[in-house]
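Protein sequence lines, in the order shown, are assigned to chains A and H.
Residue 1 is where the first sequence starts when you use this note's numbering, and the numbers rise one by one after that.
Residue 1 is where the second sequence starts when you use this note's numbering, and the numbers rise one by one after that.
Since the hints were derived computationally from the structure, they do not count as laboratory data.
Note that the structure is a prediction, hence the values are computed from the model and not measured.
C-beta: ideal position from N, C-alpha, C; glycine also.
One or more of the hints may lead you astray.
[As the list claims (entries may be wrong)] Cβ-to-Cβ under 8 Å is the rule here; a few derived chain A residues that face chain H: (1) His31; (2) Lys73; (3) Asn76.
[Unchecked claim] Beyond 12 Å from chain A on every Cβ pair, some chain H residues (computed): (4) Phe56; (5) Gly57; (6) Gly230; (7) Thr253; (8) Ser564; (9) Ser833.
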Amino acid sequence: MKKDSNRIELLQGTLDMLILRTLLLGPAHGHQIAKHIQRTTEDVLQVEHGSLYPALHRLERKGWVSSKWEMAKDRNREFKYYRLSAAGKKQLLMEESKWKLLARAIARVMRPAEEG
Amino acid sequence: MSWWRTVLEWRPWSPRQRRDEEIERELRSHLELEAEEHLDAGLPAGEARYAAQRTFGNTTLIKEDVRAMWGWSSLERLAEDVRYAFRNMRLRPGFALTAMLVLGIGIGANTSIFTVVHAVLLKPPPYHEPHRLVRLYERNVASESIFNVVSPANFLDWQRDAASYEQVAAWGERSFNVSGDGGALPERASGIICTYNVFDTLGIQPALGRSFLPEDDRPDAQRVAILSNGFWQRRFGSNMAILGASIRIDGETYKVIGIMPEGFDFHSEEWRGEIWLPMWRLLPAAMVQDRENHQLSVLARLKPGVTVESAQTELDSIAKRIKVQNPNVITGAGATVALLHERMVFRVRTLLLIIFGAAACVLMIACVNLTNLLLARGVARRRDIAIRMALGAGRGRVLRQLLTESLLLTACGSAVGLILAGWGTPLLVAMTTDLPRTEAIRVNAPVLMFAALAAVLSGLLVGLAPALWSTDLHLASTIHEGGRSASGSRKRRMFRDGLVAIEVALTVVLLIASGLLLKSFLRLHAVDPGFSPERLLTMRLALPQSRYSTAAQRVAFFEGLAASVKALPGVAAVGAVNRLPLTGHAPDNTFTIEGRPPLPPGQFFDALARSVDPGYFQAMGIPLKRGRFLHPSERLEAANKALISESFAETFFRDENPLGKYINLGGRRRYDIVGVVGDVRKSLTNRPEPTMYFSLLEGRVSYAAIVVRTSLNPNLLALPVQKEVARLDSDLPVSNIAAMERILAGGAASRRLSLVLIGIFAGIALLLASVGLYGVVAYSTQQRTNEIGVRIALGAGRGHVLRTVLAQGLRPVAVGLMAGVAIALAMTRVMRSLLFEVSPLDPQVFAFVAVVLAAVALAACAIPARRASRVDPVTALRYE
């Protein structure tokens with residue numbers, strides 16, 4: 001396994017939030033979700049397939065996303081599209097606020113060191 | 001064996017398979033997209049795919065992870081366990097088949113007997129609100145019995161005075177001659193005379209026509225009859241036209257008003273009603289006032305909310321009052337009230353429960369045996385289990401899997417058992433003669449539930465201990481040892497010895513029970529009935545009042561029949577008696593002896609009384625002890641001679657010569673004792689009772705059994721004798737044609753059944769116990785092979801090894817033997833009722849059982865012990 005030094009391992013639990021956030025833009029299949037996260041973080045966050053799919057199925061089992069096999073618009077093939085459910089939206093809001101809280105807390109701890 | 005695999009992996013209910021396919025498809029589409037990207041980046045097609053695969057990682061692992069995400073449904077887990085169990089069973093088909101067969105026999109025997117117990121003992125009789133139906137009896141009339149039939153006058157008083165009942169009804173057993181109209185043979189049918197409300201009380205109505213009405217049940221009523229369904233089918237071919245038509249019964253014309261429903265099988269102690277007639281129409285007026293003529297069976301329906309106990313108290317006080325008002329009358333000192341159902345089954349209850357208990361013992365032994373086998377296997381599988389638990393399987397999960405295995409075994413065993421029961425139950429019913437309500441005995445829902453419950457319970461019983469043992473591990477040490485736990489823990493060994501002891505104890509109990517039954521059976525066969533039953537043909541007939549109204553007519557018939565039968569070729573002797581011995585009820589009578597001071601009021605001399613013709617004693621082979629037989633010239637008025645049995649002479653003429661003494665029969669004439677004859681038993685299990693014989697030629701008695709001593713096979717004479725009867729009276733039916741030896745065998749039928757069944761169970765138990773013992777000893781010696789090898793290498797003698805192994809194997813046997821004997825000692829009360837002239841503590845039986853068991857146990861231990869003593873130390877140590 002090649003390992004880029006400028007890539008960051010995802011924190012436990014954050015992948016779920018990122019997936020939900022991605023799906024807020026509209027339904028997407030697994031490949032699109034992975035690519036989207038990778039692109040928007042400018043390849044800093046690499047989504048391992050080994051965590052992506054179990055995570056997707058976990059979210060589906062919890063009822064935060066629903067899935068359906070649909071024809072892709074751009075090509076003549078079916079993909080399994082995931083869609084954010086109402087419960088998923090609520091969950092996303094909760095995770096977001098929790099994340100902000102965490103980020104702020106970490107920032108408070110880190111800032112003095114940075115300044116000093 | 002691909003079909004087998006297909007069967008095992010076919011899971012139409014599983015959502016898992018569908019989900020697996022979906023994940024597969026999802027991942028594949030992702031991979032393809034990834035490959036396309038690489039292709040776009042300029043890689044050649046083959047490499048693009050590899051690159052995609054590389055970035056993607058281990059697809060199988062992802063699939064597993066996703067699958068774990070969804071978890072397993074409990075149903076899937078069960079299916080998985082069952083498949084695994086099947087696979088295990090297939091690896092050791094011998095073990096699985098043996099286990100199923102052993103369990104099948106155990107569960108089958110229990111199910112069979114439960115089928116009978118359920119139908120006969122547990123299921124209430126098929127009448128309306130059967131818990132309110134009771135039988136009423138007089139108690140302590142002239143004996144200790146508390147279940148005595150009731151006299152008509154007492155019955156009427158009870159019916160009038162007792163407030164506990166909605167209805168009180170009575171019936172009596174009678175045989176009727178049904179005339180042969182339209183070419184049919186005349187026939188003797190078993191009938192019942194009853195008060196009009198018997199059917200109402202039971203809550204049963206005729207299937208066709210109507211029930212009796214109060215106005216049918218009066219001395220001046222029109223004669224009406226109700227027929228049983230079976231009699232209607234047999235005699236009249238289910239012809240509807242018989243309803244309202246007339247039939248001739250005992251020479252009188254009766255109108256048939258009803259046919260009872262099919263399956264209405266009202267037993268009153270072995271009597272089957274084929275024809276029902278109203279009672280008060282038939283009983284002579286004098287008898288209605290009679291308190292001494294105890295002959296009626298009484299049935300009553302309790303008012304709602306009235307208990308048997310309070311009804312008992314009330315009726316007892318009424319009966320006591322009657323006794324006080326009539327001090328010199330032979331009547332009950334009180335009364336007994338008992339549930340109808342209880343009275344229907346009391347004869348068979350103990351027998352059935354003992355057989356049920358024996359079957360349960362066999363199942364227990366089978367289970368214990370399997371537990372032991374599974375324990376041994378559990379040790380062999382410890383490593384497998386330890387690895388699984390090390391890989392993260394929880395103890396609960398492994399336990400559940402092991403229990404599934406044993407439950408699957410017992411479920412298969414139960415299926416085998418149900419097949420055996422389906423086949424064995426009719427056999428069981430056919431072997432019994434005195435079971436009431438055999439028509440209700442069939443495999444039904446409660447029986448299936450019982451089989452299922454037996455399977456589950458025995459599955460848990462069999463599987464729990466081994467499963468707990470084999471999952472209770474110190475993982476590291478077990479894996480390290482390679483599953484060969486050196487000596488097995490001491491506790492485990494004690495547990496297994498304990499199981500052997502239980503097996504042996506139960507086997508001992510069964511062996512003792514069957515030994516006692518066998519001894520009683522042999523005793524019973526050795527019983528001298530007091531006459532010689534070989535080549536003796538018997539049949540019954542009854543002279544109808546209408547054509548044989550005078551004593552002279554009756555005497556002439558009996559004399560004529562005896563003379564013409566005697567003239568038949570092959571007939572050695574012929575006689576007649578009102579009631580044959582060994583055929584149930586024997587009439588008794590109170591009497592006084594002339595010249596003796598009168599007994600205090602309320603006390604009576606009582607003895608069995610039979611009426612016989614002069615040829616009876618020679619025909620039966622009853623020996624004359626003193627005096628002489630009856631003489632053919634002593635007939636009618638001159639028939640005032642009596643004979644007595646030896647026990648009569650001993651009881652009532654201890655130091656006197658009975659010959660020439662006179663017996664007075666309650667106000668009737670006096671009889672001159674002319675002879676003493678040998679004792680005859682009224683049934684094989686009863687001690688001979690004092691009996692007095694009067695002459696049939698008195699002409700009082702209108703029914704008789706004919707006994708014909710033949711020089712050939714008695715059955716060959718059945719037809720010639722019947723022809724002689726028909727020649728004398730073509731409208732006189734003959735019934736109960738049977739060789740005396742068959743009657744004798746019939747009396748022992750239920751004993752034979754219990755003997756055969758418990759004998760079979762004891763045999764199975766002994767086999768299972770010896771196999772189990774062998775298994776335990778063989779296993780533990782095998783485990784100790786290298787220890788024994790070391791001992792021998794160090795100089796232990798082979799005799800010493802042999803003795804050690806034997807001693808170790810026989811220790812639990814000794815414990816079990818003692819426990820079994822103790823249980824058998826505690827069970828004497830239960831067994832006593834099934835035994836005949838054998839004490840439940842018979843030392844011979846106990847000693848014999850102990851010897852047999854010790855010998856079998858010794859043999860079972862000797863084989864592995866000899867093998868152990870021949871262990872080659874070099875091989876044993878190399879084995880290490």
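Hints, one by one, checked against the model:
1. His31: 5 Å, holds
2. Lys73: 14 Å, violated
3. Asn76: With Cβ-Cβ at 13 Å, over 8 Å, it is violated.
4. Phe56: Incorrect as stated: the minimum Cβ-Cβ distance to chain A is 5 Å, not above 12 Å.
5. Gly57: 5 Å, violated
6. Gly230: 68 Å, holds
7. Thr253: 87 Å, holds
8. Ser564: For Ser564(H), whose nearest Cβ neighbour in chain A is about 99 Å away, the distance exceeds 12 Å, so it holds.
9. Ser833: At roughly 66 Å from the nearest Cβ of chain A, Ser833(H) sits farther out than 12 Å, so the non-interface label holds.
Checked against the numbered hints listed earlier, the structure breaks hints 2, 3, 4, 5; every other hint is satisfied.
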